[in-house]
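Each chain, written out:
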Amino acid sequence: MSTWLRNNGAVVLASAAAVLLVTGLGLALLWAPEDADQGPSQRIFYIHVPVALTAYVFFGWAAWKAFRLLWKRDDRADLESYTAVHMGVIFGVLTLVTGSIWAKISWGVWWTWSERQLVLFLILFLFYSAYFMLRYSTEPGPRRARTSAVYALFGAVLLPVSFLAIRLAEQLLHPAPLFNRDGPQMSASMFLTFCVCLAAMLTLAATLYRIELTGKRVDARLRELREHLT
Amino acid sequence: MSGYFADVTALARKDLLVELRSRDTVPAMLLFVVGALVVFHFALPEDSSRLAAAGMLWIALLFTALLALVRSFVAEREGTVIDGLLLAPCDRSAIWLAKSLSVFAFLAFAEAVALPAFALFYEPVTWELIAGVALANVGIAAVGTLLGAMAAAARARELLLPLLFLPLAIPLIVGGVGATLAEDPARYLGFLALYDLIFAILSWASFEYVVTE
Amino acid sequence: MSTGEKYLAAAYLVLFAAVLVYVVLISLKLTRIERELTELARLAEERRGG
Amino acid sequence: MIRARGLGRRFGDKRALTGVDVDLHRGEFLLVTGPNGSGKTTFMRLLAGLLVPTAGELEVETDRARVGFLSHDPLVYRELTPLENLDLYGRLYRISERRERIGMLLERFGLWDARAEPTADLSRGMLQRLALCRTLLHQPELLLLDEPFTALDTAGAELLLDELGRPEPRDRTVVVSSHQPERLADRPTARLALVPA
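Going down the list, the protein sequences come from chains A, B, C and D.
The numbering of the first sequence is the numbering used here, which starts it at 90 and goes up by one.
The numbering of the second sequence is the numbering used here, which starts it at 93 and goes up by one.
The numbering of the third sequence is the numbering used here, which starts it at 33 and goes up by one.
The numbering of the fourth sequence is the numbering used here, which starts it at 804 and goes up by one.
Please note that a few of the clues may not be correct.
Below, in silico cross-link-like pairs of lysine-lysine (DSSO-like), each with a Cα-Cα straight-line distance of 30 Å or less [stated by the list, open to error]: (1) D/Lys817 x A/Lys193; (2) A/Lys305 x A/Lys161; (3) A/Lys161 x D/Lys817; (4) C/Lys38 x A/Lys193; (5) D/Lys817 x C/Lys38; (6) C/Lys38 x A/Lys305.
No wet-lab data here; the hints were simulated from the structure.
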């Protein structure tokens, strides 16, 4: 059973992602009740938030693999951490785009500095784009692996620190009590829909991660092979 | 333990001596920060608020710090002297600590000129501002030195360092500007101290990984 | 379709387009890998022959 | 002292060193020869611990504090004087009677008169002598010399050969890479010829 799963993991993951995505889409568009205040556009919540959470999961995963590389000297963790950052940046950009659309719906502008999560993702986007610059401008080898790992680890620490910083910056401009974004509580059906959408996004993310990681490993193997043959 | 601090002292003394001989970094920082303050006068509308002036001061300080950080490992990179330090039996984190201390000293020196100039040109300097600058210096020196060592191994290192550093400096700017302007500067100073603590420990622990194989 | 619904559709389309772009990138990568593999196979063949 | 099996090192896609086997006991003298690009420097840097192997195994039975490595670069600060440079290293290596030791080495290598000049003003040969002082400062039990004769004049080379012939420290292991092996005469007890990878 376990060997079968290992060999066909990608198939299982991809099918699960497909089923969950279609179910989530149906639930979000047809079944979940319409939000009293925001109307149909509130349903963008069912993509924006799962995408953002997935990005956080990837950044966390990248930091975990970076930690493994540094602590356990697990050499394979370098590519895993790199892939996680790569996917995290893709989902981070999607968060920025969907969040921007949501801002347009809610406030009529494409960008607002009062939306904490958007600002945080902008900072993270800058931070992790520099990760790519660092990787591309350093010679491949053990030192690059460790340097990238240290930087990825910094990202996981910067995340909560930046979140705190954004809250503090808001309070400087608006000394009034903090604007609470949670709004009205979700109903049970809304929450269930959200959970399905989140599960769908996470399985999709896991599938893409596997594909990307395999691709990067194949690249590395090909380079080794080429070196042996020439 | 005393051996560790003896190493740090010897290395920091060397960094200050190198700067004293070459005078490459600190004069450039002084000129830059004063120049930036003058340029900002022309960039700001005539009756800008003190809020704008404070924000501008912090931008000037941040970019001045970048000058020091870009230069921080130049002496070690020329002729790969860093190899000599890595061969020595001292703890590698001592190299980081010594370099951070010297960067901190350069920053403090530049600010000893920048803050009076700011008071002269714009707004009076408060104790909160001085405390904020001192705390931000710790964070800049700690994180910046680690990133400087990372960038030193890369191509296009002078370009890379600001890219690596700016996202990490955003919380410092928030804390610094908050400490300068807010009604209750204590929480912003506290935030800066928290940042310093977290990132100093992290940088101290990870320096060895970025300079060795 | 209300404006709100249009934006909602746009958000879903963005996600769909992103996955599509990713598929295209992966297929390009596969093509490159296939080309490289063919070349390496030829090299290996030559080695055995020579 | 040193044991290597299938030792190899790559830089990115380039192989700098492949399949080196070495067994060296305490007190032996290894001469490493080979044309440019054969990986002599890579081999020396691997032994010094500045690089890690990407293939094979390498064991070096000594502490970092007991290795002396003469590199291509003198590894001294150009802004500081010879005395200040050696003082820094003396402190980092925790040498007892540091001043005496430094003075003695500067004297022996003919640098005493230049001790307070900026290192940047020294000639290439003088720099190499200073680098030798740095390498020998802490009386290493494993001495790694990468092309030590480079830039040395006849007198400098004599001083180096003289140092290598000294009886103390006892059981010193020496590895020298050189493309002028004849200068070492019959000192080496073992030889390793590297070929370009």
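Worksheet item: Going straight from one Cα to the other, do A/Lys305 and A/Lys161 come out at no more than 30 Å?
Response: Holds: A/Lys305 and A/Lys161 sit about 22 Å apart, inside 30 Å.
Practice prompt. Quickly compare the C-alpha distance for C/Lys38 and A/Lys305 to 30 Å and report which way the hint goes.
Written response: violated (38 Å)
Worksheet item: Does A/Lys193 lie within 30 Å of D/Lys817 when you go C-alpha to C-alpha?
Response: violated (52 Å)
Fill in: Given pair status - C/Lys38, D/Lys817, alpha carbons within 30 Å
Violated, at about 54 Å.
Worksheet item: Is the straight-line distance between the alpha-carbon of A/Lys161 and that of D/Lys817 30 Å or less?
Response: Distance of about 27 Å is within 30 Å: holds.
Worksheet entry | Pair hint outcome, C/Lys38 versus A/Lys193 [Cα-Cα no greater than 30 Å] | Since the Cα atoms of C/Lys38 and A/Lys193 sit roughly 12 Å apart, the hinted pair holds (cutoff 30 Å).
The structure fails hints 1, 5 and 6 (numbered hints given earlier, in ascending order).
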